[in-house]
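Number of protein chains: 2
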Amino acid sequence: MPEPLAPDALSPVLICGTGLIGTSVGLALARAGIAARLSDTNPAALRVAAGRGAGRQADIDGSDCPPRLVVVATPPADLSDEIVGALRAHPDAVVTDVGSVKAEPLAEVTARLGRRDCARYVGGHPMAGSERSGPMAAAADIFDGRSWAVTPAAEADPAAVAMVELLAVTCGSAVVRMAPVDHDRAVARMSHLPHLMAVLTAARLVDAPDSHLRLGGQGIRDVTRIAAGDPVMWRQIVVANAAPLRELLADLRVQLEILDGSLAGPNLEAADTGALDALLAAGVAGTNLLPGKHNRPARPLVTVTVQIPDEPGSLAALFTTAAAAEVNIEDLRIDHDPGRAFGLVEIDVVEDRADALIAALRDNTWPAHR
Amino acid sequence: MPEPLAPDALSPVLICGTGLIGTSVGLALARAGIAARLSDTNPAALRVAAGRGAGRQADIDGSDCPPRLVVVATPPADLSDEIVGALRAHPDAVVTDVGSVKAEPLAEVTARLGRRDCARYVGGHPMAGSERSGPMAAAADIFDGRSWAVTPAAEADPAAVAMVELLAVTCGSAVVRMAPVDHDRAVARMSHLPHLMAVLTAARLVDAPDSHLRLGGQGIRDVTRIAAGDPVMWRQIVVANAAPLRELLADLRVQLEILDGSLAGPNLEAADTGALDALLAAGVAGTNLLPGKHNRPARPLVTVTVQIPDEPGSLAALFTTAAAAEVNIEDLRIDHDPGRAFGLVEIDVVEDRADALIAALRDNTWPAHR
Chain A
1 MPEPLAPDAL SPVLICGTGL IGTSVGLALA RAGIAARLSD TNPAALRVAA GRGAGRQADI
61 DGSDCPPRLV VVATPPADLS DEIVGALRAH PDAVVTDVGS VKAEPLAEVT ARLGRRDCAR
121 YVGGHPMAGS ERSGPMAAAA DIFDGRSWAV TPAAEADPAA VAMVELLAVT CGSAVVRMAP
181 VDHDRAVARM SHLPHLMAVL TAARLVDAPD SHLRLGGQGI RDVTRIAAGD PVMWRQIVVA
241 NAAPLRELLA DLRVQLEILD GSLAGPNLEA ADTGALDALL AAGVAGTNLL PGKHNRPARP
301 LVTVTVQIPD EPGSLAALFT TAAAAEVNIE DLRIDHDPGR AFGLVEIDVV EDRADALIAA
361 LRDNTWPAHR
Chain B
371 MPEPLAPDAL SPVLICGTGL IGTSVGLALA RAGIAARLSD TNPAALRVAA GRGAGRQADI
431 DGSDCPPRLV VVATPPADLS DEIVGALRAH PDAVVTDVGS VKAEPLAEVT ARLGRRDCAR
491 YVGGHPMAGS ERSGPMAAAA DIFDGRSWAV TPAAEADPAA VAMVELLAVT CGSAVVRMAP
551 VDHDRAVARM SHLPHLMAVL TAARLVDAPD SHLRLGGQGI RDVTRIAAGD PVMWRQIVVA
611 NAAPLRELLA DLRVQLEILD GSLAGPNLEA ADTGALDALL AAGVAGTNLL PGKHNRPARP
671 LVTVTVQIPD EPGSLAALFT TAAAAEVNIE DLRIDHDPGR AFGLVEIDVV EDRADALIAA
731 LRDNTWPAHR
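Here the protein sequences come in this chain order: A and B. The opening residue of the first sequence carries number 1 in this note's numbering; numbering runs sequentially from there. The opening residue of the second sequence carries number 371 in this note's numbering; numbering runs sequentially from there.
Chain A extracted, bound-state conformation:
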């Protein structure tokens, strides 16, 4: 069992790749008093990252003293090459990465270097990101309070694992240690399949008449929001995690066949909707399994809807009212109406505070209802 490390045990850190995540790691380390070195094949990105305070450019001639930790933060398609390159170039360093997929890069790196040399490589995946990309979108605090998966191979050096977990904690995240294959199955289910489902739903809008689009409400907006993410990055992620995704897609195709069969009866009134019922029930059950806040079991929430003028200050007044009534808002959605200058706000609160909130909003002249 290695002793706990102090944050400066990470230093010197070299960050390879100064996009959104690499630059944010540099900024988070700078916030913790650690000055990183930065490298990127794109000199413009490198200058922006350095200029924003994520670290200083690594010396090209190799005159820097050797890094203790190398963080590979390149696009998904380049990860294996970059990890192998880092392990070779820095034979005493721990190497980690921030890629969305863990098993395939590990297998490639192991095949090319052998297991012994790979003991210094420990994969990582911070659960932070954005629909934006690049160093201008980076910030020191994007990891705060997020999960950071750490995915060591069985042969990984425990001291290397400790160093990567220290990186995650120093950046503000909570470590979730998982085996690489398990991680990939998890993100296939929790992130990559949902992304593809959002994309498949949104893609159906491309040839929709305007009159159809006018009937779109908050439901389809929620379902499709993440489909706006960078398609080049998502292609690389999906390709790299193809195996577990294909298992889920195979399940999905079976589900769709069953669903279609339950809608195909010659007399639908008498059709066997048992399969449809089971699917809808599983959907309700699945939404209830998503974790509540702070890892507590989810408490039953109810939604309060309130109508507010669509102008600066309305939300402030609304929330001041809620706060004065000592009601904690758990979640909130805003839906703009199709023809008028006000918005409809849906506020989720724990069930036993809903009436207090509605009363307070109404006392304050806001039309509100469950």
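Calculated from the structure, these hints are not laboratory results. It cannot be assumed that every hint is accurate.
Said to hold, decoys possible - Output of the computed footprint for chain B on chain A, the stretches with three or more beta carbons under 8 Å from beta carbons of chain B:
#1 194-202
#2 205-213
#3 216-226
#4 281-287
Just so we're clear, the structure is a prediction, and the values are computed from it rather than from any experiment. Beta carbons are placed, not taken as given, at the ideal position from N, Cα and C, and that holds for glycine.
Here the structure of chain A is known, so what remains is to put chain B in place on it, guided by the hints.
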């Protein structure tokens, strides 16, 4: 061209079915000074609706004077029977309904009564609802600012159409007139398929290990939220709109086959990802087609993320700050961290106000970034 009608041209109104929508129609009419009559086979629901002010119970012995307008607001599976019953029982009344599907009930009603008697029937579909149901969940203002589809058959009496559109406007909605078949295709695409996609995604969580669920973030929460809706009502909706839904499901199965094929190459690095690229691009394009607020073209938005303590008053302070900086918040999401007592709030603002918002939040000691 009939003359414009005043709201009291609707009266007397009979509402058949006092669930969420029927009771809310009664409350909205009461707000406009129109006292509706209510009927329901469930006497408890009827008493609750009447007690909440949605109208008075219709006389069972038929001593009421004949209604001008009958609003059928029963569950989807009962619509045709109820519409036929209303047309027969009230030979001088206009009859409308509030069901989610329009072509099948119209066809059934026409087959049973003939086209001439059906001229008094004009379907409607207010784009309002909730994951809750029943008269206790009703409110006068749930239709305010929403679209209300009005779907007359070609043979419909123009005066009947005008009366149903007056109902929609009196309840606070904006009329969207559509042919019944077109409406059903629109809601299959904009509402029913998204619902099934959310359900299919959420259903994959039922057998997920806890460690997988811990990696779930805002993305999967958004994609699956509507899957929590009432499965009995959704089964009836899906069955009633089976034909256009099955067309979309057939498209979807083809898309999935292509997607799977593009992930199945013996050498993925060299795989033809053209189909995957096209799908991801269509997803981005589709999200951009969803209407912006107030029917204006969508303006480019950027997301500002801010970290706030998870306690009453935090959101109030945040929005007071935004309002003081004259920044209008277009949308907002709240993500709770997995282990700490603060929340991460994502705020969408038009691009040229993002820096002002960030500066104001930071001046106020809130950590904020794009």
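Now for the hints, and whether the structure bears them out:
no. : hint    : in the structure
1   : 194-202 : holds (count 9)
2   : 205-213 : holds (count 7)
3   : 216-226 : holds (count 10)
4   : 281-287 : holds (count 7)
Consistency note: the structure conflicts with none of the earlier hints.
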